[in-house]
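Number of protein chains: 2
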Amino acid sequence: MPEFRWDPITGRSVIIAAGRSKRPRLHGAGNGQARGEPCPFCPGNEALTPPEIWALREHHSAADKPGWTVRVVPNKYPALEDHGALTVKRDSFYESLNGLGIHEVIIESPDHEINMGALNIDQCADILRAYRARMRAVGDDPRWRYLLLYKNQGERAGATLEHVHSQLIVLPIVPQSAADELTSAKKHYDSTGHCIFCEIVQREVERGERLVSQSDKFIAFCPFAPRFSYEAWILPKNHVAAFEQSTDEDIAALAQFVRDFISRLNRALDRPPFNYVIYSKPPHQSTTRYYHWRIEILPQIARAAGFEWGSGMYMNSVAPEEAARLLRDAAL
Amino acid sequence: MPEFRWDPITGRSVIIAAGRSKRPRLHGAGNGQARGEPCPFCPGNEALTPPEIWALREHHSAADKPGWTVRVVPNKYPALEDHGALTVKRDSFYESLNGLGIHEVIIESPDHEINMGALNIDQCADILRAYRARMRAVGDDPRWRYLLLYKNQGERAGATLEHVHSQLIVLPIVPQSAADELTSAKKHYDSTGHCIFCEIVQREVERGERLVSQSDKFIAFCPFAPRFSYEAWILPKNHVAAFEQSTDEDIAALAQFVRDFISRLNRALDRPPFNYVIYSKPPHQSTTRYYHWRIEILPQIARAAGFEWGSGMYMNSVAPEEAARLLRDAAL
Numbered sequence: 001m002p003e004f005r006w007d008p009i010t011g012r013s014v015i016i017a018a019g020r021s022k023r024p025r026l027h028g029a030g031n032g033q034a035r036g037e038p039c040p041f042c043p044g045n046e047a048l049t050p051p052e053i054w055a056l057r058e059h060h061s062a063a064d065k066p067g068w069t070v071r072v073v074p075n076k077y078p079a080l081e082d083h084g085a086l087t088v089k090r091d092s093f094y095e096s097l098n099g100l101g102i103h104e105v106i107i108e109s110p111d112h113e114i115n116m117g118a119l120n121i122d123q124c125a126d127i128l129r130a131y132r133a134r135m136r137a138v139g140d141d142p143r144w145r146y147l148l149l150y151k152n153q154g155e156r157a158g159a160t161l162e163h164v165h166s167q168l169i170v171l172p173i174v175p176q177s178a179a180d181e182l183t184s185a186k187k188h189y190d191s192t193g194h195c196i197f198c199e200i201v202q203r204e205v206e207r208g209e210r211l212v213s214q215s216d217k218f219i220a221f222c223p224f225a226p227r228f229s230y231e232a233w234i235l236p237k238n239h240v241a242a243f244e245q246s247t248d249e250d251i252a253a254l255a256q257f258v259r260d261f262i263s264r265l266n267r268a269l270d271r272p273p274f275n276y277v278i279y280s281k282p283p284h285q286s287t288t289r290y291y292h293w294r295i296e297i298l299p300q301i302a303r304a305a306g307f308e309w310g311s312g313m314y315m316n317s318v319a320p321e322e323a324a325r326l327l328r329d330a331a332l
Numbered sequence: 001m002p003e004f005r006w007d008p009i010t011g012r013s014v015i016i017a018a019g020r021s022k023r024p025r026l027h028g029a030g031n032g033q034a035r036g037e038p039c040p041f042c043p044g045n046e047a048l049t050p051p052e053i054w055a056l057r058e059h060h061s062a063a064d065k066p067g068w069t070v071r072v073v074p075n076k077y078p079a080l081e082d083h084g085a086l087t088v089k090r091d092s093f094y095e096s097l098n099g100l101g102i103h104e105v106i107i108e109s110p111d112h113e114i115n116m117g118a119l120n121i122d123q124c125a126d127i128l129r130a131y132r133a134r135m136r137a138v139g140d141d142p143r144w145r146y147l148l149l150y151k152n153q154g155e156r157a158g159a160t161l162e163h164v165h166s167q168l169i170v171l172p173i174v175p176q177s178a179a180d181e182l183t184s185a186k187k188h189y190d191s192t193g194h195c196i197f198c199e200i201v202q203r204e205v206e207r208g209e210r211l212v213s214q215s216d217k218f219i220a221f222c223p224f225a226p227r228f229s230y231e232a233w234i235l236p237k238n239h240v241a242a243f244e245q246s247t248d249e250d251i252a253a254l255a256q257f258v259r260d261f262i263s264r265l266n267r268a269l270d271r272p273p274f275n276y277v278i279y280s281k282p283p284h285q286s287t288t289r290y291y292h293w294r295i296e297i298l299p300q301i302a303r304a305a306g307f308e309w310g311s312g313m314y315m316n317s318v319a320p321e322e323a324a325r326l327l328r329d330a331a332l
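Chains as they are written, first to last, in our numbering: chain A, 1 to 332; chain B, 1 to 332.
Hints should not be assumed to be uniformly reliable.
If several chains are the same, the list does not tell them apart, and a pair holds so long as it fits within one copy or across any two.
With a cut-off of at most 25 Å between alpha-carbon atoms, the simulated SDA-like pairs for lysine to any residue come out as follows [said to hold, decoys possible]:
hint : residue 1 : residue 2
1    : K76       : K237
2    : K237      : G11
3    : K65       : K89
4    : K187      : H59
5    : K237      : A179
6    : K89       : L48
7    : K237      : A253
8    : K76       : T87
9    : K65       : P142
10   : K186      : A47
11   : K186      : Q176
12   : K186      : H83
13   : K65       : P51
14   : K237      : N115
15   : K89       : W293
16   : K187      : T10
17   : K187      : G312
18   : K65       : A253
19   : K187      : L48
20   : K76       : S213
21   : K237      : A302
22   : K237      : T183
23   : K76       : N120
24   : K186      : Q285
For the record, the hints were derived by calculation from the structure and aren't laboratory data.
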């Protein structure tokens, strides 16, 4: 069983998940399917994954058979497992918690595409619908306190399988950095009456120097203090606390907007490896007025190294104003 | 001029250093000198680096000429620069500070070795003497609040040049994670009268399950909640707050101890890429009684990815008890 552990000095939390060391490795550099092995995410190979949890399927097609456009399965090498009750172990120094949680994989296309930029807008909308459906479903369970939806695209961004996919991790605790962010947002709201994210969106639209693109509903900009070169954030312009609250209309518009952003990234930087993360209001929290969901897109061009691990700070060799200019100019 | 910037929501700090994007890149995967270019760290190529700041040299050998065993130069592509006065820029949302600081490179051998494990113990002692000399020298300047000495070994660990070297970053601010660690250590000291690091050392020696090796003066163990697979910490057994306080005798013993640890790592994991970081009492702080210096050795086998960037938590697929067993068994 995996385990959450906390460092007694720094308070930093880790998940110790010994089962994950069995997962496949990409050979060599760059994107490449583990040699000689069939892709477990391709249609026809459904038996290579655990049974599906959710899928968008052709009418009358059977579970765990071809006929799907997006398919959600448990991670075969989960970081967390959903059995048993939460049990804290604690002595005078060390504290741990059994690794209760959920770890799902969203297989984002029946085609063996390796880049989200290759998918059409309808497919992107289906992917976002899958995210919404899974986040809504797990968010109903009172045991879960935090949902993290993320993508690792490319070997340098941590992908171990190249077929387009994302992952959903469901936690019984709120990570410290999320708790700090919520506290900070609440403090701003309590002292000003405004959502800090709404104010930042307004500011970035007005100034424009870090703006990448905008539509009626969404904005993409490079944040003032980005951890990574060409990092960008996508937010809804109107105040919405949780991604799961998105309407069908929002999803359709977001698919178009995200797809446009990924195309810019691919054109500007020759299909860089990247991560993205959806930050959404944690379930069962009354943070609706001061939290505001967003997607962070985190290209992995340089590497975090000794300085970053040692200081918790980040070195970024591209100013966000410069990154935004490049991404603005990379419009189709 | 580089710039420190803070994210208005998370408080996270970054260094925006546009000049660093000009630095060399390693081509391909794994360790490899940038093709076709002379190594700027090899003897005879001293003119390819900025003029040296410090060196261990043969008697009568001239600065910036061969004859050195360890050589310290300014980073040619510095993350921070030492000119001007600290100037805060702040508006209703965004805060920044000009990137005042020092960024040095410690060239650790005249031989073009790519792995610290290839160096003999005398050379390792010379390297540690160089660290001590530079940390003492910059620590005397009242402008500097934090010193971070780190190594990136191997391309996957962020090295852009393969010739063995480390780096020293000198900051006019204390990074948040260091401040948090100091606060936590002080709290423990205030409530118990003991240094938390001393207590952890004692605990790990007693239990032994995470112990890798020990000598009269030092201990190496895998910490209870490691961020990385096979992460290990080296600490002095006696209470010493700052690495710079090390005596010549300490340095000689530490060289032998670190060299032994690196050999174990190389044998157990086939010369993995790794980072190490020296955490030492910040200069000009009266933290002598509750802080305790350490080296963190951080092998880079898996990659931090979407989950880590999004949650601030780490997934580790090797329990430290298992990692310690492997490293214990890898003794010569």
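Status of the hints after comparison with the structure:
{"no.": "1", "hint": "K76 - K237", "result": "neither (37 Å within a copy, 42 Å between copies)"}
{"no.": "2", "hint": "K237 - G11", "result": "between (35 Å within a copy, 22 Å between copies)"}
{"no.": "3", "hint": "K65 - K89", "result": "neither (42 Å within a copy, 59 Å between copies)"}
{"no.": "4", "hint": "K187 - H59", "result": "neither (49 Å within a copy, 62 Å between copies)"}
{"no.": "5", "hint": "K237 - A179", "result": "within (23 Å within a copy, 35 Å between copies)"}
{"no.": "6", "hint": "K89 - L48", "result": "neither (35 Å within a copy, 55 Å between copies)"}
{"no.": "7", "hint": "K237 - A253", "result": "within (12 Å within a copy, 60 Å between copies)"}
{"no.": "8", "hint": "K76 - T87", "result": "within (24 Å within a copy, 52 Å between copies)"}
{"no.": "9", "hint": "K65 - P142", "result": "neither (32 Å within a copy, 68 Å between copies)"}
{"no.": "10", "hint": "K186 - A47", "result": "neither (46 Å within a copy, 55 Å between copies)"}
{"no.": "11", "hint": "K186 - Q176", "result": "both (15 Å within a copy, 20 Å between copies)"}
{"no.": "12", "hint": "K186 - H83", "result": "neither (34 Å within a copy, 39 Å between copies)"}
{"no.": "13", "hint": "K65 - P51", "result": "within (10 Å within a copy, 66 Å between copies)"}
{"no.": "14", "hint": "K237 - N115", "result": "neither (27 Å within a copy, 51 Å between copies)"}
{"no.": "15", "hint": "K89 - W293", "result": "neither (33 Å within a copy, 28 Å between copies)"}
{"no.": "16", "hint": "K187 - T10", "result": "both (24 Å within a copy, 12 Å between copies)"}
{"no.": "17", "hint": "K187 - G312", "result": "both (23 Å within a copy, 21 Å between copies)"}
{"no.": "18", "hint": "K65 - A253", "result": "neither (30 Å within a copy, 63 Å between copies)"}
{"no.": "19", "hint": "K187 - L48", "result": "neither (48 Å within a copy, 51 Å between copies)"}
{"no.": "20", "hint": "K76 - S213", "result": "neither (38 Å within a copy, 36 Å between copies)"}
{"no.": "21", "hint": "K237 - A302", "result": "neither (30 Å within a copy, 37 Å between copies)"}
{"no.": "22", "hint": "K237 - T183", "result": "within (22 Å within a copy, 39 Å between copies)"}
{"no.": "23", "hint": "K76 - N120", "result": "neither (28 Å within a copy, 45 Å between copies)"}
{"no.": "24", "hint": "K186 - Q285", "result": "within (12 Å within a copy, 33 Å between copies)"}
Hints 1, 3, 4, 6, 9, 10, 12, 14, 15, 18, 19, 20, 21 and 23 from the list above are not met by this structure, while the remaining hints are.
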